[in-house]
Structures are given as structure tokens and as C-alpha cells.
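Visitor: Residue-level listing of the chains:
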Amino acid sequence: MSESQSLPSKSIGILYDRVRWEEKEIARQLEIRGITPNMVDAKALVLPLDTSRFDHLPQIVLDRCVSYYRGANVASVFESHGIEVINSCRVLNLCGNKLETSQLLAKRGIPTPKTVVAFSAESAMKAIESIGFPCVMKPIVGSWGRQVVPVRDKETAEAFIEMREQNGDSMQSIFYIQEMINRPPRDIRCIAVGHEVVASVYRYAAVDSWKTNVALGGHTEPCKLTSELEETLLRTVETIGAGVLGIDVMERTPDSSDYVVHEVNGTVEFKGAQTSTEHSIAGRIADYLVNPEKEQLSQNQQ
Amino acid sequence: METKCLECDAAVHVEDDAVIGEIVSCPDCGADYEIASLGGGTVTIKVAESVKEDWGE
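In the order they appear, the protein sequences are chains A and B. Numbered by the numbering used here, the letters in the first sequence go through residues 1478 to 1779 in order. Numbered by the numbering used here, the letters in the second sequence go through residues -5 to 51 in order.
Watch out, some of these pointers could steer you wrong.
Facing chain B, from chain A, some residues (calculated, C-beta under 10 Å) [said to hold, decoys possible]:
{"id": "1", "residue": "Arg1497"}
{"id": "2", "residue": "Lys1591"}
{"id": "3", "residue": "Val1593"}
{"id": "4", "residue": "Phe1596"}
{"id": "5", "residue": "Glu1599"}
Listed next, the in silico DSSO-like pairs over lysine-lysine satisfying Cα-Cα at most 27 Å (straight line) [claimed, not checked]:
{"id": "6", "chain 1": "A", "residue 1": "Lys1501", "chain 2": "B", "residue 2": "Lys(-2)"}
{"id": "7", "chain 1": "A", "residue 1": "Lys1487", "chain 2": "A", "residue 2": "Lys1520"}
{"id": "8", "chain 1": "A", "residue 1": "Lys1487", "chain 2": "B", "residue 2": "Lys40"}
{"id": "9", "chain 1": "A", "residue 1": "Lys1631", "chain 2": "A", "residue 2": "Lys1591"}
{"id": "10", "chain 1": "B", "residue 1": "Lys40", "chain 2": "A", "residue 2": "Lys1520"}
Simulated coverage check for chain B against chain A, where a stretch passes if three residues somewhere in it have a Cβ under 8 Å from a Cβ of chain A [what the hints assert, rightly or not]:
{"id": "11", "region": "-4 to 9"}
{"id": "12", "region": "39 to 51"}
If you're looking for bench data, these hints aren't it; they were derived computationally from the structure. Owing to the predicted nature of the structure, the values given are computational and were not obtained by experimental measurement. Idealized CB from N, CA, C, for every residue including glycine.
The shape of chain A in the complex, shown without the other chains:
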């Protein structure tokens, strides 16, 4: 019997702030495996910042908060009190802040769009001009394609910069400018659990839309996991940290195997991906929660 198998099973929880299809499905898959997860409402938590043990909480928690700030901060407190959080606070912060994600991907040599950041309206235009038109402007925090805009000329750039400046939110004065990748009207949503890619699907933009987000009406189709794609994904996992990751990849034309990682999601939604995937993604996540030690042991053996 291996060391991991001899360990007593740990209690498992799912941290949420709203329960979506994904959280229900992961809970159902855990039930199938004989485990009733403790559903922890992050909005109801009152946590002392001391050295006490949180014996009333699960020992392993899958962090599924929709709110990035809430999820990452709860993870920080949980971890300091000895709870294993998946994804870890570090991973959640790397994924939740696009500036951090891009910086680390570039540093580790993972193919990613050329990105420039600027911290005032005046320097934003210089950043845009350094990338050239067309480019893409994104908020560094946020998801579902919100406020992600294609910038095709100087007039459009000036309008978006002015709108961001007048918003009054300091985060809006951080300008994250990215090259627009020449790609087919799709990207690839990949889901990695531990050090394994468990799903890869094409996401096609809705009619008359540029964004491929399923939340905005996009649809999915099966995507074959090529060895080149898998290698890029596993390098991304090594860079960001293993857990449950949604890795978004574009194919730079004309070579469809020229993969570019443009986003890594720390609380990945996969209802859309599941419709184009044969096996249960939630089931693979449940397996990982049940036996993360096995994953860690395999990591140590590499």
C-alpha cells in the first residue's frame, strides 16, 4: 500500500459565493464517490486572523468563488490556518490579475500575446502606439469578456482611454494593452486538473461577435488535443501551478499549431466545454480532490 493510500481520508469542501451548474456537478460527482462535500458559503464566513485551527471547516477546500477578491482572500486565510485550498491563493492571484499572468508566462517562455501596461491616460496612448493597431484593451481584473475591446484606430483608443479615466476607479487607470492575434474565429478552452489535460474544446464566437466567451453566446465543438497543444498546456501548468485551471489558447494563423496562451482561469467554468467532452470534467475534478496526495507524489517523482 502506498503512503497516500494509508493516509486517513480528509474532509472535502466546496467554497462558493453562488452555486452554479459546475459546483452542483462537482458535488454530485463527489457524492458518487461516497463523499458528501461540505458546502461553505464564503459570504457567511467570519474568520479570526490568529493562530487558531479551523477544525469546523474541511481539510481540503475547492475554491469556486465567482468573486476573485473574495476567493483569493478567503484562500489566504484558510491556508494560513492549515487548510489545503485548490486552487491555492498564489494560483488564484496569478490567474485573477492578467498583468501577473502575462508577466509570468512571458518570463517562462510560454507563447503569449505581446502585452504592454501603462498607468495613466497619457502613457496609455504611447503603449497602444507601441503595440500598433489593431490591438486589444483589457481590464487587468475581470472576466467573461467584460470591457475587453478591440482598438482599431487612434480615435477609438482616445475614446476608450477617456471612458476609463472618467470611471473614477483606480483599477481603470491601469491600461493593459495586447497585440491582436490573427486567428480563426475561435479559440481553445482547455481544462487542466493537476498535471493532466482533461478537456480541450474550440470556442466559436456568437454571430456578429468577436469574443468567444460562452457566457456571451459562443458555442463549443470538440478539439483534438495534439502533442504540441498538450506540451504548451503542461508548461503553462508548471508555470502557474497545478490545480484546476482553465487555459485559453489561440491559434496564430496561418499555422494552426502556433499556439498562444492568452488567459489562465483560476475558477474555470466548464458547462460549455462539457457539451463537447465525452467524459465528466467534474468527475476528474472530484477524483483530484479525493486524492491530491497521489498528484503531489507524482510531482515529487518527476
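Mind docking chain B on chain A? Use the hints.
Guide: Same frame as chain A, now just chain B:
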């Protein structure tokens, strides 16, 4: 199961497999509610949080 919309009093349907924390919407006014409690064939709801800048995946 059914409950009443806190805004317009319309009937809000709740599926039998619903769980605490799930979001239901009023079919008439579109208000979103979070399921606060379930049990004994009854359900209570509270106003759901609205989308914020850091929400997503």
C-alpha cells in the same frame, strides 16, 4: 417548489434538485434571488448579489 418574488410578488419556480446558494430569477420582473434555505417542501430566498468588476472565472 414555488416562492414569491420579493419585488413584484410573482410566482418564482424552484427546481426540486435546487440547493442553497443557487440563483433563481423572477420570470416577471427578472430580479435574481439566492436560495437561502430549503426544507420540508418550503424555500426561502434573499436578494442575490449583483455582478461586480472582479466576478468571473
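Visitor: Count the residues of the region 39 to 51 of chain B with a beta-carbon closer than 8 Å to any beta-carbon of chain A: does the count reach three?
Guide: holds (count 8)
Visitor: Given the hint that Lys1631 of chain A pairs with Lys1591 of chain A, does the C-alpha gap stay at or below 27 Å?
Guide: Holds, at about 19 Å.
Visitor: Quick one, is the Phe1596 of chain A hint okay against chain B at 10 Å, beta carbons?
Guide: Violated, because the Cβ-Cβ distance from Phe1596 of chain A to chain B comes to roughly 18 Å (cut-off 10 Å).
Visitor: Check the hint pairing Lys1487 of chain A with Lys1520 of chain A against an upper bound of 27 Å on the C-alpha distance.
Guide: 24 Å, holds
Visitor: Given the proposed pairing of Lys40 of chain B with Lys1520 of chain A, does the C-alpha separation stay at or below 27 Å?
Guide: Holds, because 13 Å separates the two Cα atoms, which is no more than 27 Å.
Visitor: Is the listed coverage of the region -4 to 9 of chain B by chain A valid when you require three or more residues with a beta carbon under 8 Å from a beta carbon of that chain?
Guide: violated (count 0)
Visitor: Less than 10 Å between beta-carbons is the criterion; does Glu1599 of chain A satisfy it with respect to chain B?
Guide: Violated - the Cβ of Glu1599 of chain A stays beyond 10 Å from chain B, reaching only about 24 Å at its closest.
Visitor: Is Lys1501 of chain A close enough to Lys(-2) of chain B, meaning Cα to Cα at most 27 Å?
Guide: Cα-Cα ~24 Å, so holds.
Visitor: Under 10 Å is the threshold here; is the Cβ of Lys1591 of chain A close enough to any Cβ of chain B for the hint to stand?
Guide: With Cβ-Cβ at 23 Å, over 10 Å, it is violated.
Visitor: A closest beta-carbon separation below 10 Å is what the hint needs, so does Val1593 of chain A meet it against chain B?
Guide: 22 Å, violated
Visitor: Holds or violated: Lys1487 of chain A and Lys40 of chain B, Cα atoms, limit 27 Å.
Guide: 33 Å, violated
Visitor: Given Arg1497 of chain A as an interface hint, is the shortest Cβ-Cβ distance to chain B below 10 Å?
Guide: Because about 8 Å separates Arg1497 of chain A from the closest Cβ in chain B, which is inside the 10 Å limit, the hint holds.
In this structure, the hints that do not hold are numbers 2, 3, 4, 5, 8 and 11, in rising order.
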